[in-house]
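Trainee: Same order as they appear, the protein sequences are chains A and B.
Each residue of the first sequence is one higher than the one before, starting from 1 at the first, in the numbering used here.
Each residue of the second sequence is one higher than the one before, starting from 1 at the first, in the numbering used here.
Simulated from the structure, these hints should not be mistaken for laboratory data.
Predicted model, so just to flag it, every value in this text is computed and none were measured.
Please note that the accuracy of each hint is not assured.
Claimed, not checked - Derived pair list, reagent style DSS-like, types lysine-lysine, alpha-carbon separation capped at 25 Å:
(1) K72/A to K89/B
(2) K89/B to K13/A
(3) K174/A to K130/A
(4) K89/A to K13/A
(5) K52/A to K89/B
(6) K117/B to K264/B
(7) K56/B to K117/B
(8) K63/A to K13/A
(9) K174/A to K108/A
Claimed, not checked - Chain B side only, calculated, beta carbon under 10 Å to chain A, not exhaustive:
(10) L67
(11) G70
(12) T152
(13) L154
(14) F165
(15) A171
(16) D175
(17) L177
(18) T180
(19) L182
(20) N185
(21) T186
Ideal placement from N, C-alpha and C gives every residue a C-beta, glycine not left out.
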Amino acid sequence: MLLIKGLDVYYGKLHILKKVTLHLNTGEIVALLGANGAGKSTLLKALIGLVKNQSGEILYQDKPLHHLPPEKRVSLGLTLVPEGKGIFKPLTVEENLLLGSYSWYAFKKGKLLKESLDEIYTLFPMLKEKRKQLAGTLSGGQQQILAIARALMSKPTLLLLDEPSMGIAPNLVKEIFQHIKKLKEKLNLSILIVEQNAKSALSIADRAYIMETGKIIFEGEATSIAGHPEVQRAYLGRDIDTEVPL
Amino acid sequence: MELFLQFFFSGLTVGAIYALIALGFNIIYNTTSILNLAQGEFVVLGGLLMWYFLEKIHLPYGVSIILTLGISGLVGLAMERLSIRPLLKTADPLLLILITIAFSILLRGILMFLFGKEPYGYPPISEGAPLIIGGAIIQRQVLWIFLFVLFTMLFLYIFFNRTIFGIAMKACAIDSLSATLLGINTSQMVMVSFILSGIFASLAGVLVTPITFVEYDKGPLLTIKGFTAAILGGLGSNWGVMAGGFLLGILESLIAGYIHSGLKDALALLLLLSMLLFKPAGLFQSSEQARLRKL
Chain A
1 MLLIKGLDVY YGKLHILKKV TLHLNTGEIV ALLGANGAGK STLLKALIGL
51 VKNQSGEILY QDKPLHHLPP EKRVSLGLTL VPEGKGIFKP LTVEENLLLG
101 SYSWYAFKKG KLLKESLDEI YTLFPMLKEK RKQLAGTLSG GQQQILAIAR
151 ALMSKPTLLL LDEPSMGIAP NLVKEIFQHI KKLKEKLNLS ILIVEQNAKS
201 ALSIADRAYI METGKIIFEG EATSIAGHPE VQRAYLGRDI DTEVPL
Chain B
1 MELFLQFFFS GLTVGAIYAL IALGFNIIYN TTSILNLAQG EFVVLGGLLM
51 WYFLEKIHLP YGVSIILTLG ISGLVGLAME RLSIRPLLKT ADPLLLILIT
101 IAFSILLRGI LMFLFGKEPY GYPPISEGAP LIIGGAIIQR QVLWIFLFVL
151 FTMLFLYIFF NRTIFGIAMK ACAIDSLSAT LLGINTSQMV MVSFILSGIF
201 ASLAGVLVTP ITFVEYDKGP LLTIKGFTAA ILGGLGSNWG VMAGGFLLGI
251 LESLIAGYIH SGLKDALALL LLLSMLLFKP AGLFQSSEQA RLRKL
């Protein structure tokens, strides 16, 4: 459903993404891994239309995207949950969720809006409980759930997640990832997830790509990547050669 | 006591006008982080257009008000399209503020060209003997002013809390990048903020002209007063800047009444300077709040 071919992105003169090629099939979770500064977030920004200076091809459901502004891409069904969540802290939880529906909301769709809200509240009862609270009063993990829930309000077909585990207590990370996996199955989503926490991401992903300095250097099944010694040593922060057996 | 009440009510009247101007400042500030220093000219525009429709081509009062506000909204739109939008993404805010000054000079020139230099006035919304409350004399127009300001507040409350468009405008003010990610067209929001701000300032002109008259060069002083009100209440919060408007109006009126009327304008400038020096976030919010909580 998503096909990126030879994507180049520049920030000024800096060549950030170099001929990136990547695809994602319907219903897949694909993890994009790599060290800090490898260009993972830039790739997501290019997909949603925030990066101007780009060349190459992005096809989404066989339609070219590169000339469309972000709001058009959102109406086509792409949604990005940005790094750091990007929720509106001074607004209430419910207002945040409402804004998720901005891309399709119209005066006559009040009923549909209510149904979507109910659907989200059934998925995340925690949000229903706190719907009148300011979003800034939620904990980090709850804010991340709100950010994902808000993205779902736009009725996406492809969800782009940027570092969903960042700034969240380690014991909650697992829970968030289980949520993501459940959502995919329930809502028939495709998900592209960028993570530094490679282990968690690989535990729910079908396939994975590894990026280094703007290039894709490895592509494969999630299980095979997790077990690949070279990859583990270099990108997952585990040096198995020197690891002392217990 | 009667004297105090008299000063108090006339302060509230002027304050209502400042509140509307400050509101225009705030709405644009929230979506763009720039100050529209042509606000005062929009007040003058409102008064002069109203005079034209009412006295020159003799339209009914209600129709004149609607036409005046509509045209002022369009002028706000034109201002945004022609001078702000082409530069908004690339230019420094300071440059954009200078552009609004240029626009104010242009608008003032056009108004002088069209209407000349004499003062204009027209009858108040409803004629009749003034009311007397607690010994203070209150013109009927003052009640209309309060009514309209109340309506404006109600409109703002509903718009920013009950409509998705208003909530989206708040979202743009808080974090325009995240708003873009939700499919909110941020430049559309900027456009709407210029239209609204033009309408509010012009409403101020429409309401106050029967009391004070209007001439083409009244704008700059009104801009300063509105700006002082906005700073006093704290830019970022609609309710704060409106409260700032009333406060400034009352203080001015008391000073003019009890000490000397020449001090009226000096007071505004003094307040403006001392607020900017000592409490730039305004009376009602901390600097933390000012940064985090807009609207």
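Trainee: For every hint, state whether the structure bears it out.
Mentor: Hint check results:
With a CA separation close to 19 Å, the supplied pair K72/A and K89/B stays within the 25 Å bound. Only pairs whose Cα atoms come within 25 Å are accepted, and K89/B paired with K13/A is accepted, the gap being roughly 20 Å. Between K174/A and K130/A, the direct Cα distance comes to roughly 22 Å. Compliance with the 25 Å bound is thereby established for this hinted pair. Note on K89/A and K13/A: the hinted pairing is violated, with a Cα-Cα distance of about 35 Å set against a maximum of 25 Å.
Proximity of K52/A to K89/B is assessed by CA-CA distance (about 13 Å); at most 25 Å being required, the pair is judged to hold. For the hint linking K117/B to K264/B, the alpha-carbon distance of about 24 Å falls within 25 Å, and the restraint holds. In summary, the hint linking K56/B to K117/B is supported, as the alpha carbons are separated by about 17 Å, within the 25 Å threshold. Between the alpha carbons of K63/A and K13/A the distance comes to roughly 29 Å, so the proposed pair goes past 25 Å and is violated.
For the given pair, K174/A sits about 39 Å from K108/A by alpha-carbon distance, which is inconsistent with the 25 Å threshold. For L67/B, the interface hint is violated, since its Cβ never comes within 10 Å of a Cβ in chain A; the closest pair sits about 26 Å apart. The restraint placing G70/B at the interface with chain A is violated, with a minimum CB-CB distance near 22 Å, outside the 10 Å limit. With a cut of 10 Å, the hint placing T152/B at the interface with chain A is violated, because the nearest CB-to-CB distance is about 22 Å.
A cut of 10 Å between beta carbons decides the hint on L154/B: the least distance to chain A is about 19 Å, and the hint is violated. With a cut of 10 Å, the hint placing F165/B at the interface with chain A holds, because the nearest CB-to-CB distance is about 9 Å. Look at A171/B: its Cβ gets to within about 5 Å of chain A, closer than 10 Å, so that hint holds up. This hint holds: D175/B has a C-beta 6 Å from the nearest C-beta of chain A, less than the 10 Å allowed.
A least Cβ separation of about 7 Å between L177/B and chain A falls short of the 10 Å threshold, and the interface hint therefore holds. For T180/B, the suggested interface contact is upheld, since its CB lies about 5 Å from the closest CB of chain A, less than 10 Å. A distance limit of 10 Å between C-beta atoms decides the matter here; for L182/B the minimum to chain A is near 5 Å, and the interface restraint holds. With 10 Å as the threshold, the beta carbon of N185/B comes within range of chain A, its nearest partner Cβ sitting at about 5 Å, so the hint holds.
Using the Cβ-Cβ criterion of 10 Å, the hint placing T186/B at the interface with chain A is satisfied: the shortest such distance is roughly 9 Å.
Consistency note: the structure conflicts with the earlier hints numbered 4, 8, 9, 10, 11, 12 and 13.
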